[in-house]
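Each residue of the sequence shown is one higher than the one before, counting from 1 in my numbering.
No wet-lab data here; the hints were simulated from the structure.
Note that the structure is predicted; figures quoted are calculated from it, not measured.
The C-beta atom is built at its ideal place from N, Cα and C for all residues, glycine as well.
Check the hints yourself; a few may be wrong.
[Said to hold, decoys possible] Simulated DEER-style distance windows between Cβ atoms: (1) 94 to 46: 40 to 46 Å; (2) 90 to 55: 17 to 23 Å; (3) 41 to 71: 25 to 31 Å; (4) 49 to 94: 32 to 38 Å.
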Amino acid sequence: YVPPTHQPNLNSTQELQDHQQNTHRPTTILSKRTLGLLSAVFNGVWGGSIMVPMHYAPPEAHGTGYVISFAIGATIITICLWIGRFLYHYVCLKKTVRSSYDS
Numbered sequence: 001y002v003p004p005t006h007q008p009n010l011n012s013t014q015e016l017q018d019h020q021q022n023t024h025r026p027t028t029i030l031s032k033r034t035l036g037l038l039s040a041v042f043n044g045v046w047g048g049s050i051m052v053p054m055h056y057a058p059p060e061a062h063g064t065g066y067v068i069s070f071a072i073g074a075t076i077i078t079i080c081l082w083i084g085r086f087l088y089h090y091v092c093l094k095k096t097v098r099s100s101y102d103s
């Protein structure tokens with residue numbers, strides 16, 4: 001959804017109807033199927049490459065130390081992404097705090 005940059009001055013019903021007919025906003029660029037397939041590919045690549053950093057870690061960083069470090073990093077990123085999603089729902093979609101939290 002792209003908010004209109006300005007509201008036209010519509011003084012009559014005919015002007016309102018003309019404006020509504022001439023206003024074209026595409027709802028989505030991708031179909032649901034294409035979006036689902038792209039999401040599945042992204043998820044597979046993301047999940048499959050999750051342990052790639054261990055390949056570049058020094059030998060003494062493997063094992064429990066790596067797992068703890070990875071868990072802390074994943075927790076921080078998850079919290080940041082959740083806060084970002086919450087703020088998007090609260091600010092951009094103008095939802096209430098409760099509905100933003102629930103979504």
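Hint check:
1. 94 to 46: 40 to 46 Å: 31 Å, violated
2. 90 to 55: 17 to 23 Å: For residue 55 against residue 90, whose Cβ atoms are near 39 Å apart, the range 17 to 23 Å is violated.
3. 41 to 71: 25 to 31 Å: At roughly 26 Å between Cβ atoms, residue 71 and residue 41 fall inside 25 to 31 Å, so the hint holds.
4. 49 to 94: 32 to 38 Å: 37 Å, holds
Comparing the model with each earlier hint shows violations of hints 1 and 2; every other hint is respected.
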